[in-house]
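Visitor: Add chains B and C to chain A, keeping to what the hints say.
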Amino acid sequence: MAEKLLEIKNLKQHFNVGKPNMVKAVDGISFDIYKGETLGLVGESGCGKSTTGRSIIRLYDATDGQVNYDGVNVHGKKSAKDLKAFNRKMQMIFQDPYASLNPRMTVADIIAEGIDIHGLVKTKKERMERVYELLETVGLNKEHANRYPHEFSGGQRQRIGIARALAVDPEFIIADEPISALDVSIQAQVVNLMKKLQREKGLTYLFIAHDLSMVKYISDRIGVMYFGKLVELAPANELYNNPIHPYTQSLLSAIPLPDPESERTRQRKAYDPAVHQYSDDEQLEMREVSPGHFVYCSEKEFKQYSVK
Amino acid sequence: MEKILEVKDLKVSFQTYGGQVQAVRGVSFDLHKGETLAIVGESGSGKSVTAQTLMKLIPMPPGKITGGQIMFNGEDIVKKTDKAMEKIRGKEMSMIFQDPMTSLNPTMKIGTQIMEGLIKHQKMAKADAKKRAIELLKLVGIPMPERRVNQYPHEFSGGMRQRAMIAIALAADPKLLIADEPTTALDVTIQAQILELMKALQGKLDTSIIFITHDLGVVANVADRVAVMYAGQIVEIGTVDEIFYDPRHPYTWGLLASMPSLENNDHDELAAIPGTPPDLTNPPVGDAFAARNKYALAIDYEEEPPMFQISETHFAKTWLLHPDAPNVEPPEAVQKRIRSLSSNFEKPVLVKEGK
Amino acid sequence: MMQIPNDKFKVVGTHLSDTEKISKPSLSFWKDVFIRFRKNKLAVFGLILLAILIFMAIFGPYMTEYDYKMTDLTNKNQAPSAEHWFGTDDLGRDVFTRTWEGARISIFIGVAAALIDLFIGVAWGGIAGYKGGRTDELMMRGADILSGIPYLLLVILLMVVLGQSLGTMIIAMTITGWINMSRIVRGQVLMLKSQEYVLASKTLGASTSRIMSKHLIPNSMGPILVTMTLTVPSAIFTEAYLGFLGLGLTPPLASWGTMANDGLPALRYYPWRLFFPATFICLTIFAFNVVGDGLRDALDPRMRK
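Line by line, the protein sequences are chains A, B and C. When we follow the working numbering, the leftmost residue of the first sequence carries the number 1, and every step to the right adds one. When we follow the working numbering, the leftmost residue of the second sequence carries the number 1, and every step to the right adds one. When we follow the working numbering, the leftmost residue of the third sequence carries the number 1, and every step to the right adds one.
Chain A with its partners taken away, still in its complex shape:
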């Protein structure tokens, strides 16, 4: 396989530590992201998938664990200069196209924010040229540069958000539910755009979502999260054709398909964590059931799963 770009080791993100309302949003997860791939991260609201993304990009200070980018721990102590350099490599696309653009700034200023912060251009003219170029990359045009966000539709805003992230020429983009607030036809536009950019610029994506059908389409590998833990990680097709963890099975069985006939007969599986019947002394961890297919399980379950 390709070389590792990102290595997440035992990442923990707890909120309100030491208080009675402590939340273990992310509770010790480990995975790798390879150069040029798209890793999908799915799970239901509150499972910690968005927190994982935000911890990786340092919007939160991780409680514990390591995030190694090109072999360097992102969460270690760093100088402001190193941090700035790191900010250029890793970028984020946000969920809510209405909240992710500052309503008081023009589209040009929004897109050029990264350019201004990092001083990437010398003259005003150069700056505008770069903005026009970015607008074109995401399928908008020059005339849009001086307008305000509220004048655009959701899909157009999301494309502006993508242009902003691209302005600093990142290598790795975390897309935090970039399509869940968009209409179906617009979702496809944004996903196609992201795929095109990946091909052209060799980007690596962490694609966080709850819409499993889109995630399957865009991702090479998919991780499933449940209550702060990664419960299954496998290549996209393998996960869909052969889900092993009972939670993954339940999640897959709940997706309604755009096909009335199969909908009439679809059987939904419910997930009950009690099904595992873990005893206290069992060691729970990610185990490789088949090549590249990891499941969070006990030793006993591992044997069962491997037989299948």
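Because the hints were derived from the structure by calculation, they are not lab data.
Derived lysine-lysine pairs resembling DSSO-like cross-links, with alpha carbons at most 27 Å apart: (1) A:K78 / C:K202; (2) A:K142 / C:K31; (3) B:K294 / C:K10; (4) C:K131 / A:K12; (5) B:K123 / B:K204; (6) C:K202 / A:K24; (7) A:K24 / C:K131; (8) A:K89 / C:K193; (9) B:K109 / B:K87; (10) B:K294 / A:K195; (11) B:K131 / B:K199; (12) B:K336 / C:K10; (13) A:K195 / B:K336; (14) A:K125 / C:K202; (15) B:K64 / C:K31; (16) A:K19 / C:K193; (17) B:K56 / B:K11; (18) A:K142 / B:K294; (19) C:K193 / A:K78; (20) A:K84 / C:K202; (21) A:K122 / C:K202; (22) A:K78 / C:K131; (23) B:K120 / B:K109; (24) C:K193 / A:K24; (25) B:K138 / A:K269; (26) A:K195 / C:K202; (27) B:K347 / C:K10; (28) A:K124 / C:K31.
Here are some chain A residues the structure puts well away from chain B; computed CB gaps all over 12 Å: (29) G18; (30) K19; (31) V23; (32) D61; (33) V72; (34) H75; (35) M105; (36) D116; (37) I117; (38) M128; (39) P291; (40) K303.
Using N, Cα and C, we set each Cβ at its ideal position, and we do this for glycine too.
Guide: Quick look at chains B and C alone, frame taken from chain A:
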């Protein structure tokens, strides 16, 4: 089957600084007893405005019903006063909203919110209303209803809140339930539960449902009939099988093709519908979808297409069904779906205006 | 079936560039606010009133041949006339001139209070809200303690120590006047800092000062502006009230408060001496309040489409 609702050529606009937004531009459909009609379309297509207009929930002004009729129980809703509407809302028609957090009053107990309608519309005594509230909570699958009835919305999870909303909506046994994206804010597993619940309740109570959503998977799951809306108009309407297995309007094709299917492995581009929906302050001349439609005909840019009838139940508003129109191949993803349906007429028939 | 020429049934495909066009005129936030503000007749009236008051404060004193401190004992306590438009006071000073001289002081005090709000209040609240945690706790408790000191007591103390002057009054306001603003800004910043556009700016590597000046403050401008327009009348009123209590400026300086105070004992015989300053206090406070209310309604995001 008994018709409970008949909407004829409904038009709604909103007055804004930029001009008059024609949100709904001549929508007609009917609804039978015990049936679920799904209205699909993207945001701004007018699907929510249509639904809210049925209950006259749009703020007027800036909103205004500029034409058409809404016949419900043989009476025209459009002409009713606010006072008269109060008697209908919650009793004859109720609505479930997208966000169960903001549609429940956080300072009132769930039980009290259910009882409100019962006491107001059915003149029930308080004790009876409470008993009924507990029954309703049980009906919508909330465990321990005796205890839950005294709790506040923040003590309920998202899925439970939506169940409570459904209980409130069903309290007065309405003939028509309007569900405006009721599962969009929920997780897939919770969504599946709510959909199952709604179907089960419909079987029991024989309520008619208008289900507004943009998720075609959900449509396939719940709908008997489907209306596809674009730019304030219904562009195609038919039974769920007709829409999914024999779609005729290029916009419906676009919607179906832009969904990735779980089975296919190919990593080709998704057939997205390019561009952005039109601004309804100045709706384009001709077919509103033309500019985004790769099958657009020259006439689409000049004249609005009429409605053509494909079967007893299936209608589509596109020039492609005109006898002189060329035969076009729908996108590949759609071709895979198409089956020949025996109920179709030999040829599409033009629906005469003014019918 | 209708007759349509055959060539109309040719597939011509998409006109995509048309779909991305925005036909509405570009409307910036402030333009939008202005349009909504303009619809509020009362607020526009308030704004016109304010313009007149400010104009008179600037030019009023030059409209007569009198000076505000020029006494003329032969002409004392005269009723309004062509000679003395608002009459004269017990030292024969022209009330018209003194009223506009007083307006200058009142408006100066109002503007000073608004600026203190802007510089101290916005910075204090902004930093507390953005930093959060212990910093926030410390800064806001500090503000609480300051706001716990009885204002009148503080003013009297300062007057005793520093003497009665305009400067003292401004210092008194500086100590406590900004607290309300800092609370409002803190609330705004707390709400805004988790917005995705702020997070986006952070991931781009923006510094705290950039996030403050480009994102947080501009988006709090609505409430800041409304608070400022409501601070001005309250400062003017406070000055008048202190003047009325005899804690204000010393003669011959005129402020509306001290003029009202002077006029009060003569109310029964020479009512104009109280009437004019009191009327202008009311008018100014009224004007600022309706403008503030109008602004708040115009800025309210819930009314935005």
